[in-house]
Amino acid sequence: MRFAEEFRSRELVKSIADRIRQKCQKQWTLMEFCGTHTVSIFRHGLKSMLPDGVKLVSGPGCPVCVTSKTDIDKILALCDIPDAIVATYGDMMKVPGSKFTLAEKRAQGADVRVIYSSYDAIELARENRGRKVFFIGIGFETTAPSTAAAVRRAKEMGLQNFKVLSLHKLTPPVIGALLEGDCAVDGFICPGHVCSIIGAKPLEPIASGYGKPCVVAGFEPGDVMQAILMLVAQLEEGRSEVEIEYVRGVTYEGNSNALKIMEEVFDITSSEWRGIGVVENTGLVLRGEFADFDASPYVPQQIRSEPDPPGCKCGDILRGEMLPPDCPLFGRLCKPSSPIGPCMVSSEGSCATYYLYARSEKWMNL
Amino acid sequence: MCLAIPALIVEKKGSWAKANVGGIVREISLELIDRPADVGDYVLLHAGFAIHKLEKEDAEETLRLMREVFG
Ligand code: SF4
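Chains A and B supply the protein sequences, listed in that same order. No gaps in the numbering here: position 286 of the first sequence is 286 in my numbering, and each next residue is one more. No gaps in the numbering here: position 24 of the second sequence is 24 in my numbering, and each next residue is one more.
Take these hints with a grain of salt, some might be off.
Once the Cα atoms are required to be at most 20 Å apart in a straight line, the calculated EDC-like pairs of lysine to aspartate or glutamate come out as [as the list claims (entries may be wrong)]:
1. A/K55 with A/D18
2. A/K55 with A/D186
3. A/K14 with B/D38
4. A/K23 with A/E243
5. B/K13 with A/D120
6. A/K99 with A/D73
7. B/K53 with A/D326
8. A/K47 with A/D326
9. B/K53 with A/E6
10. B/K53 with A/D83
11. A/K23 with A/E306
12. B/K56 with B/E68
13. B/K56 with A/E6
14. B/K18 with A/D186
15. A/K94 with A/D73
16. A/K94 with A/D308
17. A/K260 with B/E31
18. A/K155 with B/E68
19. A/K94 with A/E306
20. A/K201 with B/D58
21. B/K18 with A/E123
22. A/K23 with A/E11
23. A/K14 with B/E31
24. A/K23 with B/E68
25. A/K69 with A/D316
26. B/K53 with B/D38
27. B/K56 with A/E5
28. B/K13 with A/E123
29. B/K53 with B/E68
Below, a sample of chain B positions facing chain A; criterion: calculated Cβ distance under 10 Å [stated by the list, open to error]:
30. C2
31. L3
32. I5
33. R26
34. S29
35. D38
36. Y42
37. A47
38. F49
39. E60
40. T62
Rather than coming from a laboratory, the hints here were simulated on the basis of the structure. C-beta atoms are modelled at their ideal positions from N, C-alpha and C, and glycine is treated no differently.
The task is simple: from the sequences and hints, build the whole structure.
Below is the structure:
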């Protein structure tokens, strides 16, 4: 197999790091947008191989972390509907809403099912026609087409008891929103599997409009290192282009089949990102013809969510303006076993990743 | 959450397939894939859906680029 193992070779990764060291003359801050990249960087100890001139900051690319507390509270409210089955990906279970997590809600008797695929929720709806199955559609463009496929399937099957709460988010416009703020990032390691769907093309406005180079990267350590080399080369040479390192997983134009089904099922709307706020054109809602499958009408109108716990810096961290160890609660009050913010809950959250992989390293070097 | 992993198609029936994912065979949907995939092909699998057909040549091209740094 030539799709994973070869890209993990320690020797290869080290030699790319040497090349970065030769190439890098100035100071550059790069953002790895995606939480899966953050995990790969830590798991393989990539930061310690980089020269001082390259600083990596994590971005908002963890769908669980950027889901607003109000949206979590909406899911919790759906659990209270009589006869409801709430079907969700496992990542959502431990994220705190204003009062509870979904796991706690389940412990109190709510029927919450962890599923692997959107089609598992279709199966649940088919087997439980007398009950409503609320599928929590969460994730970026990687996941949204699979929700769209399930909605289309429900329509074909006449499964009126299948309802989707679409919390899906779109990524390129949020990078733009970050750059409109105080984001001091020079270039972006862009999300490989989001781009498997959308292609590299939608990143062009970031590279040409904002002048920030973008390299779409795979998730093995060799991929991430090579993407960093490509970004440093662009920056040192004064270029700002969209490049694809992850050639085996991404094309420039993207997956037209998946894009088509997304367009067929969803309209684009604004969306609230935790720590960033409401960003135009980053949300997906079901189109009118699929309204029967929309869970929104079942969500109570008045959801008043409590503010984030005092001291939690998730917002600054998701915007790449702060590193987790700088949060006063990090590792003291807030740990994966007793998380305070969502960034400590998700296995791809920056705080959890720092806690799990980097506690022994000196913070100053991170 | 956005992780997709390589899976080998071992059986195919219309838009459904069985794929070997790290030793476990599971049922996957080919509905969203970008180009036709058959038994013996590798695909990127995400949440039960194949989202991209993997080509050996693409992987080799990247490895070639990475290895240039040895020279
Ligand atoms: S360490 Fe905990 S409290 Fe601090 S930002 Fe991270 S998740 Fe929030």
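May I ask which of the numbered hints given earlier this structure violates, with the numbers listed in increasing order?
-> The structure breaks hints 3, 7, 10, 11, 14, 18, 23, 29, 35; every other hint is satisfied.
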